[in-house]
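> Here is what each chain is made of, one letter per residue.
2 protein chains.
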Amino acid sequence: MDRRPARLKTTSPLRRPGWAGRFGAPPSFFAGLAMGAAVLLGGAAAAAPILPAVALETPATGSFHLDARTVIAAPAADASALATAGYLAELLARTRGLKLKVVEGAPATSVPAIVLKRGAPAGEAYGLDVRPDGLTIESSGDAGLFYGAVSAWQLATPAPGHGAIDIAATHIEDAPRFGWRGLMLDSARNFQSPAFVEAFIDRMARAKLNVLQWHLTDDQGWRLEIRKYPRLTEVGAWRVPAGPAAAADLDRKTGRPRRIGGFYTQDQVRQIVAYAAARHVTIVPEIEMPGHAQAAIAAYPQLGAAAAPPDAPSSDWGVHPHLYNVDEKTFGFLEDVLTEVMALFPGRYIHIGGDEAVKGEWKADPAVQARMRDLYIGDEDALQGWFVARIGHFLALHGRRLIGWDEILQGGVAPGATVMSWRGLDGAIVAAKLGHDAVVAAQPTYYFDNRQAADPDEPPGRGRLVTLKDVYDFEPVPAILSAAERTHVLGVQAQLWSEHIRTEDRVSRMAFPRALALAETGWSPQPRKDWRDFTARLDADLGRERALGEAFGTVPAETPVGPQPALRTRASQEMRLCSERVALNLEDDAPVDGPRARFLVDIMNPCWIWPAADLSGVGEIEAAVGQLPFNFQIGDDIRKIVLRPPATEPGELEVRRDWCGGPVIAMLPLAPATRSQAVTRLKAPLAPTPGVHDLCMSFTRRTVDPIWVIDRVTLAPDAREARHGR
Amino acid sequence: MDRRPARLKTTSPLRRPGWAGRFGAPPSFFAGLAMGAAVLLGGAAAAAPILPAVALETPATGSFHLDARTVIAAPAADASALATAGYLAELLARTRGLKLKVVEGAPATSVPAIVLKRGAPAGEAYGLDVRPDGLTIESSGDAGLFYGAVSAWQLATPAPGHGAIDIAATHIEDAPRFGWRGLMLDSARNFQSPAFVEAFIDRMARAKLNVLQWHLTDDQGWRLEIRKYPRLTEVGAWRVPAGPAAAADLDRKTGRPRRIGGFYTQDQVRQIVAYAAARHVTIVPEIEMPGHAQAAIAAYPQLGAAAAPPDAPSSDWGVHPHLYNVDEKTFGFLEDVLTEVMALFPGRYIHIGGDEAVKGEWKADPAVQARMRDLYIGDEDALQGWFVARIGHFLALHGRRLIGWDEILQGGVAPGATVMSWRGLDGAIVAAKLGHDAVVAAQPTYYFDNRQAADPDEPPGRGRLVTLKDVYDFEPVPAILSAAERTHVLGVQAQLWSEHIRTEDRVSRMAFPRALALAETGWSPQPRKDWRDFTARLDADLGRERALGEAFGTVPAETPVGPQPALRTRASQEMRLCSERVALNLEDDAPVDGPRARFLVDIMNPCWIWPAADLSGVGEIEAAVGQLPFNFQIGDDIRKIVLRPPATEPGELEVRRDWCGGPVIAMLPLAPATRSQAVTRLKAPLAPTPGVHDLCMSFTRRTVDPIWVIDRVTLAPDAREARHGR
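Each protein sequence line maps, in turn, to chains A and B. Plus 126 on top of the position in the first sequence (first one is 1) and you've got the working numbering. Plus 126 on top of the position in the second sequence (first one is 1) and you've got the working numbering.
For reference, chain A alone in the conformation it holds in the complex (with noise of 0.2 Å):
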């Protein structure tokens, strides 16, 4: 350790959950890294396989032969670094098939080791070191530790193979530039099996992420066993999905609609918290309050605000109405809840949600406003603000900090609270001028429930496009704040909405490999970061997931690469939407079992443009069309879809040439369609149009719910040209 050429400070311990910035390492610590890595390491060699990037690499002379005579240690009666030790052993078991014996405490000088040493670095930071007498791995944090052995798992697999391997001599000191690298994973619209949860919360520790937010709770589902209330997960957890084709999915021992759901005992719970806490990540579980409650008020309708409260968890995506009341018992409810939610989840943050809270129930509800005389507060937003201040109180008394969406800033937001900046980062930008933390997890980048891809083949999820390098770019701390007001960034967080992510499948190809790109935006220096790099090291990084049997999404080329043009069949995803007010790339209903179509669509204006197509020589229009169940709860914006009427009691498809007021060409009547739920292909000759047009195909219909989808047109040649031998 003599040789390395600068010291990172790392004196400041990163206790967990000491990364709460002002309370755990000093955030100009990260600061001085990012300045002091730019400068080390200008003109550096090709970096290390290491994803994220290490702050600072300085290549030395030989190599250290790992091979299956290696040994790793760990200090005698250090059960973290033995746990750690055993994890790296694992890790090449795996992905290298070398199974290394873990030793307690110094190994023999003769035997070649990787050695896990308590040093300086402190926290999340650490020091290796190769060198051809063995590899070194120093850190007086557990986390720290941890991540180094993670580091020297990647130095020890650049590439696939199996056996003994040359790692090239170097010395890295690594820290990370922000305390909160988080992903959020919504088990309330679907839910995912413990199992999952564990391997994700793995995969994440791989990347050295460490925040996972859980979104337990929302108006589809309730997922986390409360002891003193139990119908929040009897009556809570548990719907029907949208749809006629799931209401004829009948269960043969009610006779009635198969209900889907589950929720997480807390024995799991705490399972999986210690899983996750092993690998250094913490879990920030989400309650949401005081909307996005409709599964609960379903369970105890007493907590509702509404005359006629809901009787069963929704089944529609979108802003519900339904409110918890402001009475005492409901608070008492809400501490209840968050007393055992505390007692699960050990870490300094619990996310309260606040956001999307529409506030007509609260306006209507006698109660609610007789309690607001009561309290002096003239106005329900100044209400909903003393709502989260008071549960903030509550949860301070407790040793805890309330983290929510940014919607908490308006109405008052709550003393000491952390902001969660979703739109966009003007949440991040308010946070930090008054004084307020904030991590950034701004949509539309890091959601990732949003497309990675165009390809027709992508999952299901919002329609906009967020490539992996779009994630990569994506600078998380607002330029105008001050160096003062940065500190107040603790950090980046990309969202797994799953309204639309029905499979634990689909979660992990939305999450990866985007996930490395955060990973790398939370962890590295800023000026660190390479885009060139970052895929060398990423196709090493996608190798040893592939060999550890994880799923991804395909990495997007750079330059999406658009249909062919000659193309003469396009699915909705190759074709251009007329407009992208609510753009979905959304899953058809149907079948209940077995593969379904995916419809790229705007709900609030179904209709697709196919630019410049050929139409010399096509006389046929053929479209496999769908119908999806209008699960959308849009308040009054349902008003502002349009309905041009049908010529025929159950509406057509037409298509217009070169724009949407264009002539029709073709009008293809949905009667066919009607009887099917799944997908049904319609023909109908095509006027004859020579040359290259765009077309616009919608549909005719009178009422909004079923949305009419195209899946995929062709455009056919003429039937009696094709006969004539043309």
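Please note: incorrect hints may appear among the correct ones.
[As the list claims (entries may be wrong)] Straight-line alpha carbon distances no greater than 25 Å define the calculated SDA-like cross-link-like pairs of lysine to any residue that follow: (1) B:K655 <-> B:I606; (2) A:K485 <-> B:K655; (3) A:K489 <-> B:R526.
[Stated by the list, open to error] So the derived list for chain A, only partly shown, Cβ under 10 Å to chain B, looks like this: (4) F457; (5) G458; (6) G504; (7) G511; (8) G518; (9) L523; (10) G525; (11) G537; (12) G538; (13) A540; (14) I555; (15) K559; (16) P604; (17) E611.
If you're looking for bench data, these hints aren't it; they were derived computationally from the structure. Where is the CB? At the ideal position from N, CA and C, for every residue including glycine.
Since chain A is already given, all that's left is putting chain B on it; use the hints.
For chain B alone, coordinates are given in the frame of chain A:
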């Protein structure tokens, strides 16, 4: 009116008080105007002598001969137009010596006339046409007609002079960029007479400024008669100034120290409000809460939260500890006061201060803490949020809107509150991003108690130099705001805090000419602004103001000229401060009557540097020193003042060579100065120090009070050398 090349869209009236952005002219109106003018004005001829610059002018051929035969015609039975005609006639009489007749209805066609017409431009917008046969002003808005008349007056007075004048034909279309163009007058720290306030309003109106924020209450004084609470002015309007000079200035009648102060009776206020309304200036009264309340609490101690309430208004400056308590009776008092305030001031906005409320008293008061528990409010910042929101709700119930300093954003901004952004632009950024309106009142640029020049004769004030050009160049709309967010920026306002502005004459000199730069930022389209052009028009404007007998500060040179290096005497203002922690240009507290010395001093570190003084041949140093009462409430910061122990009991002025840690080359004992309340000249030999050196001068002392200050320093030749005839 037919030859106009383009017409400004002025169909949206700027109703008073409809200048409130969202409820008056749509802000896009201003935006569109700015853009349009930028295009249309490209390549226009020299600007008309109107200040602020008009939005759009199109020179035409010929000119209008204005002489004593000209009449001013206003529509029959149009009281507002007739009043404006009279106002114009008076201005022309006073500045040009032309006594024009005002006629009601259309003038005889043979008589040359200035015609006020009702027509298309609405609100504050107007059209103005100069043709050989007459001058026409057109607006459907009373304010627009008034501003057109002011512009006509300025066209007629391009330079000092009397009698007839030819006005070049032109077509003008004009409308303001912002609806809020304000000055804040602090009548609490030092009182101004009603006559002065009216003259000040008149002057604002001539610059098309339209809002006077009137700071009527503070720790040092309560200036507004409240019928229900007479002690507010009996007790709260009077104080003994700080320092021994004032303490020794006994009132013959009472035998006690003479008190200064005053207040406005409700009759006087009604007259001032009417005077302002006739000039289209809205007065926004400011009643400070929950802090800056010592004068009120001294009058009614039951309003306070202190164990030992104050018994008189403060004669200190700074941030005082006293807050209103949160008893229902106190809210009753505040609502009573605001009810009388609303009866006096008909404008939409009521300013409630909200700034600089330190929470120590609330934290210590059991009654406040009990109330917090009752209200489920866990934190004193949140309590202030609730306090302000409650007052905001009360005002809203009476059709008014709350405005407050940007601290109201903390602890929960009241719904619908408008934010006065004083700490730079941050308040405006945060407010706009949260959907609140904001007025940009940014320090230091818009704090006109800052010095405008480094001249020793400059009136007392804060020490920061804010030149006319600094004000002119300041762009108030934060670049980071989106187009939609920008609509929340209602306008601009400059502040005349009066701690150090003791006299009315000084208010005038500190306000003007800088208020004219502010006026142009507030009125003229942004692309229309041009510093050179402004200074040319400013000359004309100052000429008019001189003719009206108004005072204004010396127009500072664009690049301040420093003192001549060869000068052997320097005033404090001609030296450099060693630090600028709290730099002030302070007036001596003595003599009570007659001129007093002024000292530029950092009260946290009274220390001056004479840079590059040529000490060759200097053998003696003479310093005129004064002492000021330390009447600054700076809380714990007082511990940050470093006191260097003196050699003699009263202390010394130390002169050090090269830097403030350099060798002492002269030492001037303060003993002779302790006997005088004004300035004392001290003399001491200076160690022979040939060459050019920085001199660092500071005081040794045992206490922060008094503050010893340098008035001026003279370097004298060595007396012996002089004797030897050198």
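> All the hints need checking, so say for each whether the structure fits it.
Verification of the hints:
1. B:K655 <-> B:I606: 21 Å, holds
2. A:K485 <-> B:K655: At roughly 45 Å apart (the allowed maximum being 25 Å), K655 of chain B and K485 of chain A break the hint.
3. A:K489 <-> B:R526: Answer holds: K489 of chain A to R526 of chain B is near 22 Å, not above 25 Å.
4. F457: 8 Å, holds
5. G458: For G458 of chain A, the interface hint is violated, since the closest Cβ of chain B sits about 12 Å away, which is over 10 Å.
6. G504: 3 Å, holds
7. G511: 5 Å, holds
8. G518: With a closest approach of 7 Å, the G518 of chain A hint holds.
9. L523: With Cβ-Cβ at 8 Å, under 10 Å, it holds.
10. G525: Hint on G525 of chain A: violated, closest Cβ of chain B at ~14 Å, above 10 Å.
11. G537: For G537 of chain A, the interface hint holds, since the closest Cβ of chain B sits about 6 Å away, which is under 10 Å.
12. G538: Since the shortest Cβ distance to chain B is 2 Å, the answer is holds.
13. A540: 7 Å, holds
14. I555: 7 Å, holds
15. K559: 5 Å, holds
16. P604: Holds - the Cβ of P604 of chain A comes within 10 Å of chain B, reaching about 8 Å at its closest.
17. E611: 9 Å, holds
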